[in-house]
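J.: Sequence:
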Amino acid sequence: MKLLTYPYSKLGKRGLENIAKILKEFKKNNNKIPRTTDKEMNGIRKAVHRGKWNDFAIKSWRHLINYAFSI
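For the sequence shown, counting from 1, position 15 maps to 15 in this note's numbering; every step adds exactly one.
If you're looking for bench data, these hints aren't it; they were derived computationally from the structure. There may be inaccurate statements among the hints.
Said to hold, decoys possible - DEER-style ranges, computed between Cβ atoms:
#, residue 1, residue 2, range
1, Asp55, Asn31, 26 to 34 Å
2, Lys27, Ser60, 16 to 24 Å
3, Arg62, Lys21, 17 to 25 Å
4, Asn42, Leu11, 28 to 36 Å
5, Phe56, Ile33, 16 to 24 Å
6, Lys46, Arg14, 14 to 22 Å
Stated by the list, open to error - Derived DSS-like pairs (lysine-lysine); straight-line CA-CA distance at most 25 Å:
#, residue 1, residue 2
7, Lys46, Lys13
8, Lys39, Lys59
9, Lys46, Lys32
10, Lys39, Lys21
By construction, the Cβ of each residue, glycine as well, lies at the ideal position given by its N, Cα and C atoms.
Given these sequences and hints, build the entire structure.
T.: Pasting the structure below:
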């Protein structure tokens with residue numbers, strides 16, 4: 001899996017949906033739920049920590065995981 005180079009956090013809802021796809025792909029490839037300590041998740045973790053998706057009730061990593069795997 002490639003590291004994220006595009007700032008998905010600036011895309012709002014569309015970026016959040018793209019991140020959800022990336023998380024699902026990670027789970028499919030690695031047979032585990034992504035964690036904040038995984039190298040590929042560093043940029044996503046930082047965006048969540050900065051509050052980029054607070055408007056969508058994504059305020060922590062757990063909220064993002066719940067969102068990604070519920071849609």
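J.: Taking the hints in turn, state whether each one holds.
T.: A quick look at each hint next to the structure:
no.	hint	result
1	Asp55 with Asn31: 26 to 34 Å	32 Å, holds
2	Lys27 with Ser60: 16 to 24 Å	18 Å, holds
3	Arg62 with Lys21: 17 to 25 Å	19 Å, holds
4	Asn42 with Leu11: 28 to 36 Å	18 Å, violated
5	Phe56 with Ile33: 16 to 24 Å	20 Å, holds
6	Lys46 with Arg14: 14 to 22 Å	19 Å, holds
7	Lys46 with Lys13	17 Å, holds
8	Lys39 with Lys59	21 Å, holds
9	Lys46 with Lys32	20 Å, holds
10	Lys39 with Lys21	17 Å, holds
Checked against the numbered hints listed earlier, the structure breaks hint 4 alone; every other hint is satisfied.
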